[in-house]
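Student: Residue-level listing of the chains:
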Amino acid sequence: MGRVVLVTGISRDIGRRFARAAAGDPSIERVIGVDVVPPRGDIGDVSFVRADIRNPVIAKVLAKEDVDTVVHMSVIATPGSAGGRGTMKELNVIGSMQLLAACQKSTTVDRLVVKSTTTVYGSSPRDPAMFTEDMGPKRLPSSGYAKDVYEIEGYVRGFARRRPDVDVTMIRAANVIGPHVSSPLTNYFRLPVVPRVLGFDPRLQFLHEDDLMRVLSHAATTGIPGTFNVAGDGLLTLSQAVRRLGKPSIAMPRFAVGRLGSTMRQARLSDFSPEQLGFLTYGRGVDTTRMRTHLGFEPSYSTAEAFADFCRALTSAPLEGAGRA
Amino acid sequence: MPEEARRDADVIPIGTGGRPGRGTGQARPSSAARNLAPAARKPAAKKPAAAKKPGRARPTGGGPATESTRQKVADAPPSGSTESGGGPATESAREDVADAPLKDGIPVGDWLAAAQAAALEVFGDDWERRLAELMAFVRRRLEGDYEVDDYGFDRELTERFFMAALRPVAEKWFRLEVRGLENIPAEGGALVVSNHSGTVPLDGLMTMLAVHDKAHRFLRPLGADLVFKMPLVSSLARKSGATLACVEDAERMLSGGHLVGVWPEGFKGIGKPFSERYKLQRFGRGGFVSAALRTGVPIIPLSVVGAEEIYPLVGNIPSLARLLGVPYIPITPFFPWLGPLGMVPLPSKWILEFGEPIRTDAYDPAEAEDPMLVFNVTDQVRETIQHTLFDLLRQRDGVFS
Chain A
367 MGRVVLVTGI SRDIGRRFAR AAAGDPSIER VIGVDVVPPR GDIGDVSFVR ADIRNPVIAK
427 VLAKEDVDTV VHMSVIATPG SAGGRGTMKE LNVIGSMQLL AACQKSTTVD RLVVKSTTTV
487 YGSSPRDPAM FTEDMGPKRL PSSGYAKDVY EIEGYVRGFA RRRPDVDVTM IRAANVIGPH
547 VSSPLTNYFR LPVVPRVLGF DPRLQFLHED DLMRVLSHAA TTGIPGTFNV AGDGLLTLSQ
607 AVRRLGKPSI AMPRFAVGRL GSTMRQARLS DFSPEQLGFL TYGRGVDTTR MRTHLGFEPS
667 YSTAEAFADF CRALTSAPLE GAGRA
Chain X
2 MPEEARRDAD VIPIGTGGRP GRGTGQARPS SAARNLAPAA RKPAAKKPAA AKKPGRARPT
62 GGGPATESTR QKVADAPPSG STESGGGPAT ESAREDVADA PLKDGIPVGD WLAAAQAAAL
122 EVFGDDWERR LAELMAFVRR RLEGDYEVDD YGFDRELTER FFMAALRPVA EKWFRLEVRG
182 LENIPAEGGA LVVSNHSGTV PLDGLMTMLA VHDKAHRFLR PLGADLVFKM PLVSSLARKS
242 GATLACVEDA ERMLSGGHLV GVWPEGFKGI GKPFSERYKL QRFGRGGFVS AALRTGVPII
302 PLSVVGAEEI YPLVGNIPSL ARLLGVPYIP ITPFFPWLGP LGMVPLPSKW ILEFGEPIRT
362 DAYDPAEAED PMLVFNVTDQ VRETIQHTLF DLLRQRDGVF S
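Line by line, the protein sequences give chains A and X.
The opening residue of the first sequence carries number 367 in our numbering; numbering runs sequentially from there.
The opening residue of the second sequence carries number 2 in our numbering; numbering runs sequentially from there.
Among these hints, one or two may not hold up.
Said to hold, decoys possible - DEER-style ranges, computed between Cβ atoms:
hint, chain 1, residue 1, chain 2, residue 2, range
1, X, 172, A, 592, 52 to 58 Å
2, A, 422, X, 268, 34 to 40 Å
3, A, 592, X, 283, 36 to 42 Å
4, A, 471, X, 365, 58 to 64 Å
5, A, 450, X, 335, 46 to 52 Å
6, X, 176, A, 592, 52 to 58 Å
Source of the hints: derived by calculation from the structure; they are not laboratory data.
None of these values were measured; they are calculated from a predicted model.
For every residue, glycine included, the Cβ atom is placed at its ideal position computed from N, Cα and C.
With the hints as constraints, model all of the structure from the sequences given.
Tutor: So this is what it looks like as structure tokens:
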């Protein structure tokens with residue numbers, strides 16, 4: 367008897383591809399995808415259930431389908447795709463709370479995998495070189511994606527306390543990059559001229575999209591509880607990344623980059639949030655020892671290789687995938 | 002010299018090393034080549050006058066001249082296995098030039114000779130390889146084809162740029178004298194603890210250079226968070242191997258086997274008035290000691306004499322400093338009165354003495370939680386440095402000699 371996996375956030379490219387990959391896994395019997403809008407691409411053997419995780423109907427889906435593994439990956443990073451910051455927060459935080467409430471009531475669920483992000487550590491000049499899973503942000507995030515994720519992680523920890531019989535795995539993924547990824551960071555690298563903050567050269571860590579798929583299915587099939595940083599080996603500095611990309615870059619004072627970012631956000635060219643500005647100023651590095659020792663996962667792409675793959679796709683098809691997926 | 006520089010710097014030698022012929026490697030040129038060559042002329046007798054004459058041959062003028070040489074390198078067809086030296090073209094051109102009257106400007110041959118002389122001047126005898134290495138270095142930098150470690154340390158840039166820039170300052174201006182080098186372990190983690198002085202943290206940079214040149218290791222400094230907040234300084238600091246002075250980073254670096262440098266006095270030490278010179282301030286809260294205890298690495302006390310006199314701090318503008326968010330705005334006898342000229346440090350003579358390592362591996366890592374032990378070890382380190390400072394001050398003849 368294989369597992370029955372419920373995947374949230376299937377309308378987005380990464381959720382859809384993960385669900386498809388999971389449906390092909392022999393140890394997984396059935397995959398159910400949940401979202402408010404139907405996925406655009408091919409979903410293969412995945413059965414799609416149109417449901418909003420913000421209301422209690424999700425509990426019925428869990429009970430009816432005998433779901434034993436929940437993979438929560440519908441936390442969105444940009445207000446643009448949701449139609450405003452208010453909706454984004456609602457989807458992220460309230461959606462997660464409802465989902466966790468449903469999981470707590472459910473008698474069948476014994477495994478929960480949450481796709482979180484290293485953005486939760488923030489970026490500041492007081493950061494240690496490498497964050498381990500026990501550390502928190504040096505400054506609590508005040509807005510945006512980072513705050514949502516921070517709150518969601520708090521609720522997930524609360525859930526893990528109340529239901530100790532459920533294995534909760536939290537995957538803090540570094541910035542996901544790859545030919546098909548459309549995120550604030552990949553859109554930033556797709557700009558014709560890359561703006562940089564004058565006098566700062568942040569350290570960046572990337573995770574290839576294939577590795578994200580692999581680590582999520584690894585977590586869903588093995589069910590090792592805990593919080594894990596997941597990132598490719600090594601680091602790139604922003605200046606190095608831009609040079610490898612072969613694009614011109616322009617260094618501007620921080621306030622000018624911030625101004626440019628908000629202008630671009632209004633023009634819907636790129637999402638350039640304050641926390642991204644912090645990231646592009648101070649950078650961030652995470653320690654992935656626990657990923658290897660406890661989770662037993664080894665990314666197939668290093669940071670540099672993941673970025674090289676992204677560069678290749680960018681130079682061969684400059685416009686493909688530039689739209690929001 | 003980094004190995005990777007050698008690896009990908011492929012030298013395509015120019016010409017055939019002075020012999021006529023198209024690089025066949027034969028000692029005797031072909032008959033066709035012999036017919037082409039001017040009658041009965043040996044490629045002998047370098048003319049020093051021709052090589053020396055143009056003022057462009059100085060290293061400063063080497064820029065454009067080197068450029069033209071580089072052009073030649075690119076244009077030259079890949080020839081066989083011959084050693085460096087001017088090609089036959091250069092050689093014969095130069096000889097023609099020597100005969101020709103100087104009527105319309107400087108002839109091409111002179112330019113080439115000047116370029117070669119300039120390259121020799123700048124890079125030494127092995128100039129062709131060195132030039133190729135330099136170009137490979139530039140290419141790698143432009144393409145981003147280099148490595149940084151977890152802390153953002155760019156080894157290549159540090160060795161080829163930062164260290165090279167600091168070396169003349171250390172050797173010619175401050176005339177660094179380094180003692181007790183045998184106390185730096187050849188490998189493994191160790192913590193160098195130093196006094197801090199001089200208004201501007203030049204002592205840290207000089208210590209990094211001294212450790213690199215004399216002990217052939219990289220000193221990884223721990224910097225205050227202000228360093229990582231300031232534009233430019235922050236990226237330079239990370240690239241040269243620094244990281245934030247916090248317990249997590251210190252322990253990570255020490256257990257990673259790095260040689261870590263700390264200046265526990267911090268801004269209290271570096272920004273103290275000139276009248277309090279060589280009086281050690283409080284040594285932080287002893288965080289460096291607990292990091293060393295936890296990782297079991299030796300603590301190497303370092304006493305720096307001479308850095309106190311480079312910018313004698315006689316005043317401070319606390320209100321302006323608060324406004325700018327910096328710990329102090331220095332006033333020295335020359336700054337800000339002389340403007341940029343006041344920023345030139347006084348050429349004091351420096352002595353760096355590395356003391357005997359204080360071993361911490363006898364303690365249990367759990368004893369790092371014992372504040373009394375931490376305070377005791379902190380005091381021991383501080384006393385050692387203070388006494389060495391007094392000894393060194395007694396020994397030195399004068400500030401500038």
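Student: List, from low to high, the hint numbers that the structure doesn't satisfy.
Tutor: 2, 4, 5
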